[in-house]
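Participant: Below are the chains, spelled out letter by letter.
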Amino acid sequence: MLEISDLYFGYNDSHSFIFDFKLQPGKCLAIKGASGSGKSTLLNLIAGFLTPISGQILFEAQRIDKLEPAQRPLTILFQEHNLFNHLTVFQNIALGLSPSLRLSQIQSEVVLQALEQLGLADMQQRLPEDLSGGQRQRVALARCLVRSKPLLLLDEPFTGLNEELKLDVQKLIGQLQQQLNLTILWVTHDLDDVEHIADKVAEIENNKLIFI
Amino acid sequence: MIYGGIALIIIWSVYVIASIGLISQFEFSFAADVLSQTYLISVIKFTFLQAFLSTLISIGMAIPIARALHRQNFIGKQLILIISGLCLVIPVIVAVLGIVAVHGGKGWIASAFDIEVNYLYSLIGILIAHVFFNLPLAVRVLLHSLYTVPESSWRLASHLGMNSWHIFKLLEWPLFRNQLPATSGLIFLLCFTSFAVVLVFGGGLKYSTLEVAIYQALRFDFNISAAVVLAAVQILVCLMLFLTMIRFSRRFALQDLSVRPVFRHDGQTLSNKLIDYTVLSVFALWIILPILAILTGSITTSGWSVVKNESFYKAVVGSICVSLASGLLASVFVISLGYLSKQFTYSSNRSKYKMGILEVSVQLSLIFPAFVLATGLFVVLKKHAAVAGPIIVIVINVLAILPFMVRIFLPAMLATYKHDHLAKALGITGLNRFRLIDWPILRTSFAWALGIGLALSLGDFSVIALFGTQDFVTLPLYLYRLMGAYKIDQATVVGVLICILCLATFYSCNRYIGRIRKS
Chain G
1 MLEISDLYFG YNDSHSFIFD FKLQPGKCLA IKGASGSGKS TLLNLIAGFL
51 TPISGQILFE AQRIDKLEPA QRPLTILFQE HNLFNHLTVF QNIALGLSPS
101 LRLSQIQSEV VLQALEQLGL ADMQQRLPED LSGGQRQRVA LARCLVRSKP
151 LLLLDEPFTG LNEELKLDVQ KLIGQLQQQL NLTILWVTHD LDDVEHIADK
201 VAEIENNKLI FI
Chain E
1 MIYGGIALII IWSVYVIASI GLISQFEFSF AADVLSQTYL ISVIKFTFLQ
51 AFLSTLISIG MAIPIARALH RQNFIGKQLI LIISGLCLVI PVIVAVLGIV
101 AVHGGKGWIA SAFDIEVNYL YSLIGILIAH VFFNLPLAVR VLLHSLYTVP
151 ESSWRLASHL GMNSWHIFKL LEWPLFRNQL PATSGLIFLL CFTSFAVVLV
201 FGGGLKYSTL EVAIYQALRF DFNISAAVVL AAVQILVCLM LFLTMIRFSR
251 RFALQDLSVR PVFRHDGQTL SNKLIDYTVL SVFALWIILP ILAILTGSIT
301 TSGWSVVKNE SFYKAVVGSI CVSLASGLLA SVFVISLGYL SKQFTYSSNR
351 SKYKMGILEV SVQLSLIFPA FVLATGLFVV LKKHAAVAGP IIVIVINVLA
401 ILPFMVRIFL PAMLATYKHD HLAKALGITG LNRFRLIDWP ILRTSFAWAL
451 GIGLALSLGD FSVIALFGTQ DFVTLPLYLY RLMGAYKIDQ ATVVGVLICI
501 LCLATFYSCN RYIGRIRKS
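Just so you know, the protein sequences line up as chains G and E, in that order. The letter at position 181 of the first sequence is residue 181 when you use this note's numbering, and the numbering goes up by one with no holes. The letter at position 401 of the second sequence is residue 401 when you use this note's numbering, and the numbering goes up by one with no holes.
Hints may be right or wrong, so weigh each one.
What the hints assert, rightly or not - Heads up, simulated DSSO-like pairs for lysine-lysine below, C-alpha to C-alpha not over 27 angstroms straight-line:
1) G/K149 with G/K27
2) E/K342 with G/K66
3) E/K487 with E/K106
4) G/K66 with G/K27
5) E/K487 with E/K308
6) E/K424 with G/K27
7) E/K354 with E/K342
8) E/K418 with E/K352
9) G/K149 with E/K424
10) G/K22 with E/K424
11) E/K342 with E/K418
12) G/K66 with E/K418
13) E/K77 with E/K273
14) E/K424 with G/K66
15) G/K22 with G/K208
16) G/K149 with G/K66
17) E/K314 with E/K383
18) G/K200 with G/K27
19) G/K166 with G/K149
20) G/K66 with G/K22
21) G/K149 with G/K200
22) E/K169 with E/K273
23) E/K418 with G/K149
24) E/K418 with G/K166
Hint data in this document are derived by calculation from the structure and do not stem from the laboratory.
Can you build the whole structure from these sequences, using the hints too?
Facilitator: Have a look at this one:
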């Protein structure tokens, strides 16, 4: 279970947030809010890119807010810049397993399996610039898959995708959630994007998370 | 972060050590002597005058040339732009040689018109050389700003029937007005601190600038007190100019000029075509002739005998050693300061104050006269005189090329920030982060910065004039000595070789370090 307990963070005195909620394992929470409402701030706090002033983040009853971003039991899909443009599709996925890109035989096979599973097998030597927006998100999802972490954070992952590609990526996320029993925290400005997957919906209002 | 901090401390230490060295040698009575001399007043007056006129002519000529280059499309336009780019990197002492070959007493102009030419070794010669370097710079900055106007604006101007004057007033002048303060400031600063040009074409009581006067006080009189007074005046003026430039801190790009054909109806009338092509012809001749003079001079003369001299090879080795040491040291500083700058720009406790300190530290060499800095260091290191010269020349070179290298490198370094979150999320840190993520993004800019740094060091002719000996000599100093001995044929060959070395270095850096390897 993901447990956010009195998590307080402020950019300055007049722009601060306090979050307090729980999310059961294998469930998906959709968080809606206008631009600048604090959606991404919440994800950045959980992912470890921002340091809270006070409060705790627990996962499976263990505190994770003191861990380095890479040590936390989560993987994240950003709005943009999910891939390194100078690295191939294979290398981008492999970074999920080894930050030095030195892979064992088993790790290489895991990457190949992920490529196969997400329909990217024939694109492994391509660079991100040679892929469509949907294909790029698939690669990023493949990396999430190989990292095999129980918590998935999604920060408006449909930005820049057309309706058809949105449905494609949506379907993939649903499949991954079922297959890996992922707990998902999905930030969006459009609830239509997430209505088929979300178990709970919340909104950030007046710098607090309110369940709808 | 820590390496950037160390780099900053080292830079400031150099300035502090040099200042301590100077102050320890300062004697008030000598200084008062210098201050009371009319010589100082005339040097200051002349320094201002030549810098002001050089700036005025460069900017005044750049406006019609940039307009003409923008609104006319013709074969050879790209070539003119390439040569104008070459003028920015050609070593000063080599260009000076080319200008002598064109404008000298036995130069092309004298031969072509069969007239006596004797204007070169005066204010006019200094202005010719300064305009040769700075006119292309101003043209490129103004032209770059014209290319930022969307094509639709020119179509709209045509649709509304705007004539050439209307277009200048409503479209072009507002762009130029934004660029001119910073560009004029930079050109004035470059001319104000100009050394090699004034040393060759000026000198003496009548045509000395502060920089040359400082050199003469140190080289011939070894009067450090006088040099300190002259330097104080120069630092004060440069500081004021520098602060004014920061006030108008519209930075122009040290970047490729991407030229695309633009259709402008105001360039199609016969009168405007006539004006434009006349202006362009003058500009083309202005920048091409000195370069051509050096090239043809090297082909037709017997100057190649210079390569048989042992001293020539000493100069080659000296140049390569100084350039490599300066370039590599500066690279370490540039990368360290780049990371520090990224930290200052994007950290949650970012501050303009810290960033300001970093920028000023990097650009201190623009306001601190190289000779004074060198003398201060020499005073401290004089017990180790045998190694002091080369060390000081390298240190001064590093500080001199740092502003250019940082300006080229910094945008790429800041661009690596977009991967910060992803790299942290994946645990890619330290050497892995540099090797896999940052270096592929940085290598193109780094190679360009290093290429520029090495080429500038190879062509540098400043403090080497003070510390050069029979054993420690670089190619620009060697060329200057050949010119002084009236061995112009040999000097021309050395000039061409310096250019070839600079271009080969620049090309090699970009080809072998900057290439983007696609996996």
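Participant: Look at each hint and say if it fits the structure.
Facilitator: Cross-check of the supplied hints:
Under the criterion of a C-alpha separation no larger than 27 angstroms, the hint pairing G/K149 with G/K27 is consistent with the structure, at around 14 angstroms. For the proposed pair E/K342 and G/K66, the alpha carbon gap of about 24 angstroms is at most 27 angstroms, so the pair holds. With a C-alpha separation of about 14 angstroms, the suggested pairing of E/K487 with E/K106 holds against the 27 angstroms cut-off. A hinted pair counts as satisfied when its Cα atoms are at most 27 angstroms apart, and G/K66 with G/K27 qualifies at roughly 24 angstroms.
Distance check on the hinted pair: E/K487 and E/K308 sit about 15 angstroms apart at the alpha-carbon level, within 27 angstroms; holds. Only pairs whose Cα atoms come within 27 angstroms are accepted, and E/K424 paired with G/K27 is accepted, the gap being roughly 26 angstroms. This hinted pair checks out: E/K354 and E/K342 have alpha carbons roughly 11 angstroms apart, not beyond 27 angstroms. At roughly 21 angstroms between alpha-carbon atoms, E/K418 and E/K352 fall within 27 angstroms of each other, so this suggested pair holds.
Using a Cα cut-off of 27 angstroms, the hinted pair G/K149 and E/K424 holds, with the two alpha carbons roughly 15 angstroms apart. As the CA atoms of G/K22 and E/K424 are separated by approximately 25 angstroms, the hinted pair is consistent with the 27 angstroms bound. Pair hint E/K342 plus E/K418 holds up; C-alpha atoms about 11 angstroms apart against a cutoff of 27 angstroms. Only pairs whose Cα atoms come within 27 angstroms are accepted, and G/K66 paired with E/K418 is accepted, the gap being roughly 24 angstroms.
This hinted pair checks out: E/K77 and E/K273 have alpha carbons roughly 15 angstroms apart, not beyond 27 angstroms. As the CA atoms of E/K424 and G/K66 are separated by approximately 14 angstroms, the hinted pair is consistent with the 27 angstroms bound. Straight-line distance between C-alpha atoms of G/K22 and G/K208 comes to about 14 angstroms, which keeps the hinted pair within the 27 angstroms bound. For a cut-off of 27 angstroms, the pair hint linking G/K149 to G/K66 stands: about 18 angstroms separates their Cα positions.
Proximity of E/K314 to E/K383 is assessed by CA-CA distance (about 25 angstroms); at most 27 angstroms being required, the pair is judged to hold. At most 27 angstroms may separate the alpha-carbon atoms for a hinted pair to count; G/K200 and G/K27 meet this at roughly 8 angstroms. For a cut-off of 27 angstroms, the pair hint linking G/K166 to G/K149 stands: about 23 angstroms separates their Cα positions. For the hint pairing G/K66 with G/K22, the CA-to-CA distance comes to about 19 angstroms; that is within 27 angstroms, so the pair holds.
For the hint linking G/K149 to G/K200, the alpha-carbon distance of about 21 angstroms falls within 27 angstroms, and the restraint holds. Simply put, E/K169 and E/K273 have alpha-carbon atoms about 19 angstroms apart, close enough for the 27 angstroms limit, and the pair holds. For the suggested pair E/K418 and G/K149, the alpha carbons sit about 23 angstroms apart, so the restraint of at most 27 angstroms is met. With a C-alpha separation of about 24 angstroms, the suggested pairing of E/K418 with G/K166 holds against the 27 angstroms cut-off.
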